[in-house]
Structures are given as structure tokens and as C-alpha cells.
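The listed protein sequences derive, respectively, from chains A, B, C and D. Per this note's numbering: the first sequence = residues 1222 to 1478. Per this note's numbering: the second sequence = residues 1222 to 1478. Per this note's numbering: the third sequence = residues 1222 to 1478. Per this note's numbering: the fourth sequence = residues 1222 to 1478.
Where hints are given, some of them may not hold.
Pairs count within a copy or across copies, as identical chains cannot be separated in the list.
Stated by the list, open to error - Straight-line distance between alpha carbons at most 27 Å, and here's what the computed DSSO-like set of lysine-lysine pairs gives: (1) Lys-1356 - Lys-1445; (2) Lys-1445 - Lys-1327; (3) Lys-1398 - Lys-1327; (4) Lys-1419 - Lys-1356; (5) Lys-1445 - Lys-1398.
Because the hints were derived from the structure by calculation, they are not lab data. Just so we're clear, the structure is a prediction, and the values are computed from it rather than from any experiment.
Protein chains: 4
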Amino acid sequence: MSSRPPVCLVIGAGAGIGGTVGRRFAAEGYHAVLCRRSDQQGLDALVAEIQAEGGLASGFLLNAVEPDTIENLVTSTESTIGPIDVVVFNLGAQIGDRALLETSYKSFEMCWRLATFGLFRAATAACPIMAERGKGSFLVTSSTAAVRGNAGQHAHAAAMGGRRMLCQSLNAEFGPKGIHIAHILIDGAVDAPDTLGKMLGPDMFQALRETRGMEHDGLMLPDKIADTYWHLAQQHRSTWTHEMDLRSFTDRPWWNH
Amino acid sequence: MSSRPPVCLVIGAGAGIGGTVGRRFAAEGYHAVLCRRSDQQGLDALVAEIQAEGGLASGFLLNAVEPDTIENLVTSTESTIGPIDVVVFNLGAQIGDRALLETSYKSFEMCWRLATFGLFRAATAACPIMAERGKGSFLVTSSTAAVRGNAGQHAHAAAMGGRRMLCQSLNAEFGPKGIHIAHILIDGAVDAPDTLGKMLGPDMFQALRETRGMEHDGLMLPDKIADTYWHLAQQHRSTWTHEMDLRSFTDRPWWNH
Amino acid sequence: MSSRPPVCLVIGAGAGIGGTVGRRFAAEGYHAVLCRRSDQQGLDALVAEIQAEGGLASGFLLNAVEPDTIENLVTSTESTIGPIDVVVFNLGAQIGDRALLETSYKSFEMCWRLATFGLFRAATAACPIMAERGKGSFLVTSSTAAVRGNAGQHAHAAAMGGRRMLCQSLNAEFGPKGIHIAHILIDGAVDAPDTLGKMLGPDMFQALRETRGMEHDGLMLPDKIADTYWHLAQQHRSTWTHEMDLRSFTDRPWWNH
Amino acid sequence: MSSRPPVCLVIGAGAGIGGTVGRRFAAEGYHAVLCRRSDQQGLDALVAEIQAEGGLASGFLLNAVEPDTIENLVTSTESTIGPIDVVVFNLGAQIGDRALLETSYKSFEMCWRLATFGLFRAATAACPIMAERGKGSFLVTSSTAAVRGNAGQHAHAAAMGGRRMLCQSLNAEFGPKGIHIAHILIDGAVDAPDTLGKMLGPDMFQALRETRGMEHDGLMLPDKIADTYWHLAQQHRSTWTHEMDLRSFTDRPWWNH
Chain A
1222 MSSRPPVCLV
1232 IGAGAGIGGT
1242 VGRRFAAEGY
1252 HAVLCRRSDQ
1262 QGLDALVAEI
1272 QAEGGLASGF
1282 LLNAVEPDTI
1292 ENLVTSTEST
1302 IGPIDVVVFN
1312 LGAQIGDRAL
1322 LETSYKSFEM
1332 CWRLATFGLF
1342 RAATAACPIM
1352 AERGKGSFLV
1362 TSSTAAVRGN
1372 AGQHAHAAAM
1382 GGRRMLCQSL
1392 NAEFGPKGIH
1402 IAHILIDGAV
1412 DAPDTLGKML
1422 GPDMFQALRE
1432 TRGMEHDGLM
1442 LPDKIADTYW
1452 HLAQQHRSTW
1462 THEMDLRSFT
1472 DRPWWNH
Chain B
1222 MSSRPPVCLV
1232 IGAGAGIGGT
1242 VGRRFAAEGY
1252 HAVLCRRSDQ
1262 QGLDALVAEI
1272 QAEGGLASGF
1282 LLNAVEPDTI
1292 ENLVTSTEST
1302 IGPIDVVVFN
1312 LGAQIGDRAL
1322 LETSYKSFEM
1332 CWRLATFGLF
1342 RAATAACPIM
1352 AERGKGSFLV
1362 TSSTAAVRGN
1372 AGQHAHAAAM
1382 GGRRMLCQSL
1392 NAEFGPKGIH
1402 IAHILIDGAV
1412 DAPDTLGKML
1422 GPDMFQALRE
1432 TRGMEHDGLM
1442 LPDKIADTYW
1452 HLAQQHRSTW
1462 THEMDLRSFT
1472 DRPWWNH
Chain C
1222 MSSRPPVCLV
1232 IGAGAGIGGT
1242 VGRRFAAEGY
1252 HAVLCRRSDQ
1262 QGLDALVAEI
1272 QAEGGLASGF
1282 LLNAVEPDTI
1292 ENLVTSTEST
1302 IGPIDVVVFN
1312 LGAQIGDRAL
1322 LETSYKSFEM
1332 CWRLATFGLF
1342 RAATAACPIM
1352 AERGKGSFLV
1362 TSSTAAVRGN
1372 AGQHAHAAAM
1382 GGRRMLCQSL
1392 NAEFGPKGIH
1402 IAHILIDGAV
1412 DAPDTLGKML
1422 GPDMFQALRE
1432 TRGMEHDGLM
1442 LPDKIADTYW
1452 HLAQQHRSTW
1462 THEMDLRSFT
1472 DRPWWNH
Chain D
1222 MSSRPPVCLV
1232 IGAGAGIGGT
1242 VGRRFAAEGY
1252 HAVLCRRSDQ
1262 QGLDALVAEI
1272 QAEGGLASGF
1282 LLNAVEPDTI
1292 ENLVTSTEST
1302 IGPIDVVVFN
1312 LGAQIGDRAL
1322 LETSYKSFEM
1332 CWRLATFGLF
1342 RAATAACPIM
1352 AERGKGSFLV
1362 TSSTAAVRGN
1372 AGQHAHAAAM
1382 GGRRMLCQSL
1392 NAEFGPKGIH
1402 IAHILIDGAV
1412 DAPDTLGKML
1422 GPDMFQALRE
1432 TRGMEHDGLM
1442 LPDKIADTYW
1452 HLAQQHRSTW
1462 THEMDLRSFT
1472 DRPWWNH
């Protein structure tokens, strides 16, 4: 592993959970390899910000539904940047609520390609490498839709439900090989400009922040989520968490609404 | 709906759950429309058997991963056979236990195409038609892998986990429109020559039947499973079951092993 | 077992699920032994009604929190009426929503005594007898509170959560001995004068029936619930259900609200 | 609240999770109030150890099934030691596997009194006080038996299932008031001399440590568990975990065995 710092590879690194978790790991001495589908400018800004804080970071645009993209990313990261010690799989598949007839085959498949098959590909590429080293963490961001379907969630829930069962299968195979697979249930709204912000538009997002976020702490803060991702990666292998939920104190859990 | 008898459309009608459920519905006055991927001879025999018992049955070979096959089946059934009152979605995706690196992208995708996307297509084709009539049942055979991943189950569990969440989403949209969506967890070995029998080979299957099945009742009998499918389709709409498990009395439930 | 008809012992037999299930089993040839805490008149009327339909029934007032009551009932039923083939455990513990400080120690304990400890006592008394005969059904009515706690449900949810885990433990021990343990999740309002009716009062109950029940089928009909209890008791031992949910087609499942 | 340091009140503070968590909070500036049923000597040693490390600690023998004990402990702690900021509820109810007929009424009730009713009493005493201050953590150690019953687990599973549903109910009421309720699923063997050690006896416990614990990391280390309890208490209220599991990397999760 020579002297290259360990890599935290973030697949899905926008200005919410993904980017913030990457920045946190960089602050702890990791080389953050940040991948996202678009917005080169935002990506560059994030990398620059980390570097300005004295951290190591690289950024790549990555289309996770294209063949070989995730696989090549893992290979090239290992060969040119450093050993992947942590994968943060953070690709979402939220397309908003859509009735069945408004859910196209294409979007149903796209959700699966991103949220389920993308994870399978990333695990296939990275887990064996980590298993050879006998250690590593594979932290998977997940959502309420992984544990319960709901009206309009046909595509999203099918993709996330598959993701959760895949995480359990990966854990059964790779846990005993020293790879910590964690399925993290984000069960609430995140204060994330790149996802929630874009979905709502700037005005509504700002209004939501004022009424529910900010001093109300009713929106999950990416910085605080990153604390928990960091904790998971630090858990001793005698004491691992496979699944946990996260939500604001003002949010009712999914089983209560 | 004129005088045509209601149709029970079975997608995945081998000599196990699917075919037996179809035969049961035919015995109760339904026209059983039986679809399976291959084995024209077996299909013809099943149709003939039902007709010999005085029932109505039609059989079709159907490749559920090909575009338009499921959709055309629904359309043509409605126009030429009768109104679809019950759909039995019985396509499996069990490919046996395979370690991650032995699970090809192709097989991972194939499981999803059959078990998750196939259900989505069938629901998209049939649910709106049934919803217009304000009634119908959509009975989905499922498996242990829908509720827990396990070693070697990467592809199967991801597909079935997606199936379960999709069933809950369909239920949220179509339950109130009078469509009874049921997710039936088959949590044990079925005495099914076409699936378990082919997986084990004739000798081992016969041996299993002798040691565990037959008078031991340790293999689930398709006839008895069909009783429960029939019961589900008969439940009054004030009293519907969305999810239930089924296993032999000698089998430990999935949460105990 | 001589020529005495098999007994269906209903613990908690009011004019809702319990009494109706008992009547159904009586109609199928069972001797219904109906127990409830109070209302001798209502109990007598139920017994008379069953007998008028040509069925066998006996009624007993039973205080399930008193020592030895359940135990003696099982013993005396076996010796004087007939072999207990089916137990329907139908004691509820719904005390309405109460904040923590409004939930007295006494009511918290009472819920447990009825819903959890009562089941334990009934199982201790009846399961070994049934196991000796190698057959029997133990059908446990349960509720949403068994799978998720909620505001004001401290006592109820603690009692029902215990009940569910106890059912799984009973199943693990007695399933292989031929006793069918079923945990039936009643996830909606039942059209039951003795429970919902008394909680709401006659006027509100009638209003609810008119707006949501009756032709709307938005209240679960005890007769229809009894169909499913009967089906469960009839399931072949190769194909048993341990857990299922029941709700009206218009009700959202617990995981969606 | 003056200048008194915040209290971490540990109910069930043996030489395993409870005592170690208490020591950890003391190291972070809390006054650890440690309660256990017996072993004054062990308790004194733990208190002395914390004090030798420069921490604040007090120890009390407490019989949690006696009336008023928990209640008085909360009251006296608040008045004489400091404001309770964290409660660690760590009473277990594991009595080993026992068949139904070997599970006495007394032991069934005892499990409930410790694991379920004890939690209810502690919450009734402490939650309103913490809610008035608008903050606090209530960390509940739980076990596999809270999510699935099993053979011989009648008493234990009933008690822990009740505990889990009670935690969800407490969370629904007190989460929005700033009290962080966490249900921590200990799904594996803990390297704890006072519980596992006593159950196995010194020789077997040492043997287990050598074959499975120590450098194998197959037994959960209380120190490492304490890291996670500490993390939970530190989570920002915008980002709380209600439920998480913990097990060694070599242990199969409960859903896989």
C-alpha cells in the first residue's frame, strides 16, 4: 500500500451527503475521489475547497449508467491514486412521485441501473480488491423507499428495495472477509442544494430552510450525516453496524406516517 | 364483460405453483390462461388436463424478457378470451447460490428483468384495465430473498427485494381502486418438478421427496398452496391480505435460520 | 378423542372477531367454547344464536387476568367438552392513545397481563396437550401495534410487540410438533360493536358505519375475517402461514401512514 | 443546572456494556451514575477505576424489580448529583433457552419486569425531566430477541419485543421534544465477564475468548460498543439514529441464521 494515503471513493458526490462525506474523510487524511454525473464547475469547486483545507481530493465526471465507467474508475483509482479503503455509494434514484402509468419503462429501468445495478457493479469492482487486503468499508446511502413502497414510488422503491437486499447479500459474503458493508437509511429531508434544492427550486428551497431547517434543525445537515458515516468507517471490526436509520428529531419515522 | 368467464392469467405456469393455481381457478369456473417460457409439450398437457376436468384453459409460450410479450398477452387475452380478473405473477429468478464474482452482469440483469421489471410490465398492462372495472386480484409469488439477502443471493435477493417494494407501491395506488395486490412469501421448498425437480435432477428430487416430502409433508404441496391463492382471491374487499408467508410445518422460518 | 366434536376455544369472544370466528367454526362442526370477561347476556345470546343455527356452543365468563382462570378453562374444556383443536386468542389491550404520563403503571401492566402473559398462559396450558395429539391450530389476533410503536401507544405496543415475539417463539417450538401458530395482524378498524362500538359510543359508531362501513366496505367485517381464520385452520401442514395482515381495501397499510 | 456536570445514568452497569459505556461517558466529562443489582465489590472497583482516571462516578446497588427503586434513583440523582443528560438502559432478560414447559410464570414475568416494565418506569421517571430541558439521550441496549422469536426464547423474546415497540412509542412522543431515543440491537456475543462470562463459567469463557475473541475479534468488545453509544449521544438533533444493529464481522446477522 506504500505511502499513498487511503482513498475514500464517493460515487455520487454532489453538494449534499456525497460531497460532504468526501470532504470529511479528506479532513481525516483520506484522498477523496469524488465522482458525479454532471456539473464540472461544482465538482471543481468542491475539490478546490477540500484542497484549500489542506486535504487531498480528485474529481471525475462519471456517467454511472454507461458500461465500464464505474469499473474503470475503481481500476484507475487503485493504480494512479491509492488503495480504496472506503467506498461511499451515494447514487440516488428519486424521480418524484409518479402514478404507475406515468412511470415509463425507461425511468423504471434507469432507477434500477443507478440504484441497484450501479451498486452491484461498484461492489463487483471494489469488494474483491478490498477483500484481498482484508479490510475496507462500503457505505451505502439508502432511503425510506428501501423498506416500504408507497404511492407513486414504483420505480424508486423497486430500485431501493433491491439495493437493500443486495447490501445484505454483500454483507453475508464480504463481512467475514473484513469488508464493512453498511446500509444507511436516510429517512427524512436532507439540506442538500443539489438534490432537494434542485427539486424544489431556489425559492421554495430557501423557504423550506427558513421554516423547517436552520435553527429548527428539521432538515438533516450533511455535515452531521458525515459524522455518522465517519463513525461507521471507524467502527472496530468486532462491533460493526450493518443497518441504521437517520432523521431529524422533528421528523416522524417512516413507520409512523 | 358479457358472458365470457373471468380469466385467471398465470405468468409462469410450470408444473409447480403456477400451473396448479391455474388449474384450481379453472376448477372454480375461471378460464385459465397459462404462460410459460418453454416446454410446449408440458404446457399442452396441462391445458388438456384442465379441459379433461371440464375446465377452460389456454396455453401460450411466452418469453417474459422480450419486449411487448407480456403487454400483448394481456391485450389479446382481454380481447379474445375474457376479462382478466386474476393475475398470478409467478416468474422466479432463482439461479442458485453464486459468489459475487460468479454472478455475471447478465445474470444479475436477467433476474431483475424477470422478477422485478416483468412484474412492473405486467402491472402496467393489467392494473389499469382491472382498475377500470373496479375489481381484480394480482397475486405475486415471492420468496425468502424478498425479505433478507444472503450469501450467494446477490442477483436473486436484489430482484425479489425490488419485487416486494414494487408490490407495496402497487398496493398503495391500486388497493383503493379495488385491485387486491398480494405478496406471497414462499419460505420453503416446493414439491415442484419443473423448478426444484430440474434443479436437483430426477434422482435427488425423488430422494428428497421420500425423505422430506410425501408423508412427512416437509415439501410444500402446490395443491395446498393453490388453496391459499384461491382464498386470497376470494377475500372480501373489506378484509384483504397484502402479505403472508407459507412454509411447511417442519421448516424453520427465515428469521430462525 | 372418541366421538366428541373438536373444540374451537375462543378467548375473547365479543360481538366482533372472537364471537364471529367461534360461530363460523361451530357452523363447520366444531364445538365453540366462547369466553369473555363480562356481559353474560351478550354471551348467552351468542351461544343461543349458534345453537339456533344447529351448532354446538358453550359460553363462560372469564377474567383472564385472574390466576388459574385460563388454565382451568383449558383443563375443564378438555375433560368435559372435547379435545381443543383450535385456540383463537383474541384478547386485546387497546386502551386508546395516552401520553406517557397518562399511562399508569397499572394500565401498562394490565395490557401485558392480557395481551402477552395471557397468551403465554394459554399456550402453556393448551400447546402441550395439542402437541401430544400432533395437531392443532393456535390463531392469535394481533394488531398494528405489534409491528410499530406510535405516540400514545406505550402500553399497547409494548404488550403487542411482546405478543408477536412470543408467537414466533411458540412457532419455533410447536410448529414442528404439528401445532399451527398464526399471528394475524388486524391493521384497520373492525366493524365490531363490542370494541370499536363501545369506544366510540352508539351515535359515532353508527355514523362511522354509514360513512366508511356498509357499502363502502371500509370497516373490516367480522364475518369476512372469520373466513380467513377458518382458512388458516384448514391449511395443510405442508403449507402453513405464520403471519399475515388484514385490512380494508380503502385503508392504507401501517407502513404507509 | 448550575455548574454540575451532566449525568450519564447507567441502569445495568456490570463489567460489560453498561459499565464500559459509563466509564466512557465519564472520560468525556459526564458524571457516571452506575447502578447494578448486586456485587458491591465489583461496583466499587468500577467507580474507583473511573475516579482513578480522573472521572466522576457514583455507584448504587439497585433492585430494578422492586417498586420505586428506579424512580427514586432518578429523583435523587437529579437532586444530589446533577442533571441527567443521558440514560443508558442496559438491563437484560436473557435466561438461556428454555422450552415452554420449563419457562415458569415467574421467570416470564421477571423478564418483562426487567426488560419492558423497567424501561417504562425509567422512561416515566426521566423523560419528562429531560423533555423540560429540551434535550437528552435515552440509549436502550437491546438484543436479537427484540426482532425475532426463537425456540426457547419465549420469555426473553416477549420481553425484548415489548421493549422495542416501547422504544418506538417513546420516540414518537419524546423525539420532537428533543429526547434522542435509540434502540441498539446487540446481535452477537459480547466479551462481557459479568454476563456471558457468568453464563459460561470461567473456563469455557476463557476458551471462547481464545478461539473466537482476542485477535479474532469475534466477540464484541465493550470498549468498541461504547464508542458507538458515545457517537449516538453526540449525534446532532438534525440527524438522529433511532435503531441500529451491532455485531462482530465474523457473526452472521440474525436474518442469516
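Discussion item. At most 27 Å between alpha carbons: which applies to Lys-1445 and Lys-1327, within, between, both or neither?
Written reply: Neither way: Lys-1445 and Lys-1327 sit 35 Å apart in one copy and 39 Å across, limit 27 Å.
Discussion item. Regarding Lys-1398 and Lys-1327, is the shortest C-alpha distance of 27 Å or less found within a copy, between copies, in both, or in neither?
Written reply: Close across copies (25 Å), not inside one copy (37 Å); limit 27 Å.
Discussion item. Treating 27 Å as the Cα threshold, decide for Lys-1419 and Lys-1356: within, between, both or neither.
Written reply: neither (37 Å within a copy, 33 Å between copies)
Item to complete: Indicate which option fits the pair Lys-1356, Lys-1445 if close means a Cα-Cα distance not exceeding 27 Å: within, between, both or neither.
Response: both (25 Å within a copy, 17 Å between copies)
Worksheet item: Between copies, within a copy, both or neither: which fits Lys-1445 and Lys-1398 at Cα up to 27 Å?
Response: between (29 Å within a copy, 19 Å between copies)
Consistency with the previously given hints fails for numbers 2, 4, ordered from lowest to highest.
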